[in-house]
Amino acid sequence: MSIAPEWYLALAAGLFTMGAIGLLIRRNVLVMFMCVELMLNAVNLTFVTFARTLDDINGQVAVFFVLVVAAAEVVVGLGIIVAIFRRRADATADDLHLLKG
Amino acid sequence: MLPQILAATYVDSFTFGVCAVIVLAGAAGVILARNPVHSALMLVMTLFGVAVLFVAQEAHFLAAVQVIVYAGAIVVLFLFVIMLIGVDRVEDTSQEPLRGQRVAAAVVGLLTLLMVVFLARSSGWVTGASAALPPGNPGEDRENVELLGRAIFTDWILAFEVTSLLLVIAVVGAVVLAKKPPAPLAGREEPDGVRR
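Protein chains in written order, with the working numbering: chain A, 353 to 453; chain B, 115 to 310.
FYI, nobody ran anything at the bench for these hints, they're computed from the structure.
Just so you know, these numbers come straight off a predicted model, no measurement behind them.
Not one of these hints is a red herring.
If we take Cβ atoms under 10 Å as the criterion, some of the chain B residues that face chain A in the derived model are:
| hint | residue |
| --- | --- |
| 1 | Ser153 |
| 2 | Phe168 |
| 3 | Gly200 |
| 4 | Ala218 |
| 5 | Ala234 |
| 6 | Arg264 |
| 7 | Ile266 |
All C-beta atoms, glycine included, are put in the ideal place defined by N, C-alpha and C.
Using the sequences provided together with the hints, build the complete structure.
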């Protein structure tokens, strides 16, 4: 018998919480981005857990698409960060409150 | 709850325990590390832990993709950008723009965690019916990759094609964003005078 799904779900909830806290307390844009990845991973873990528990492969299909969207999101997000850093020398999110280039 | 995890085999329990520690320690490292490079390396640790948990739940294909795409591509992209814009920028954590925001964020986060766990505990962690058996001869043990491939290329073929469109758009967008901006008009200064 393998580990009960509750444990995986609790772990995923903890991981999601840590990602959310990190997103709120950090000021570095890159680290905030990494915290978003942590939250995505937590949700992926719950998807896989439910796929196993309910014996349904579609949960894993959802994770597949989340992975693709995460990759695209990181590419565009880091492109935006590089474009911002080219104009401004500062690294913190607080300095980006002006919406004009 | 405890008898359940004790009923699991020794190897399963050990794997889960070690991976849970790795995942949570990596997440804490991402949050707490001063240097963004250390955060990225801690992120790799968390991603590996999640990949092992995928294997433990028989999602072999996703575990491989997790390592290849996340640890192999996304984190390397992060490191590239960190190197590009410089690692010597130390985040100034001494000043808080909003007073008490960090403490409030941590408290609210923990409360949210407690609420989720409490709700799940009081009304059941997993609800819903099991899916019908996947297509194929009954009793035949099918590989995870085969099942996933069949699902993606039959039921979810439209979503799969839209995914390719999304990737093309992302690539074009990244190229456009990364292009050097056109030279400013003569006599026009940058607002903050910073050109890099």
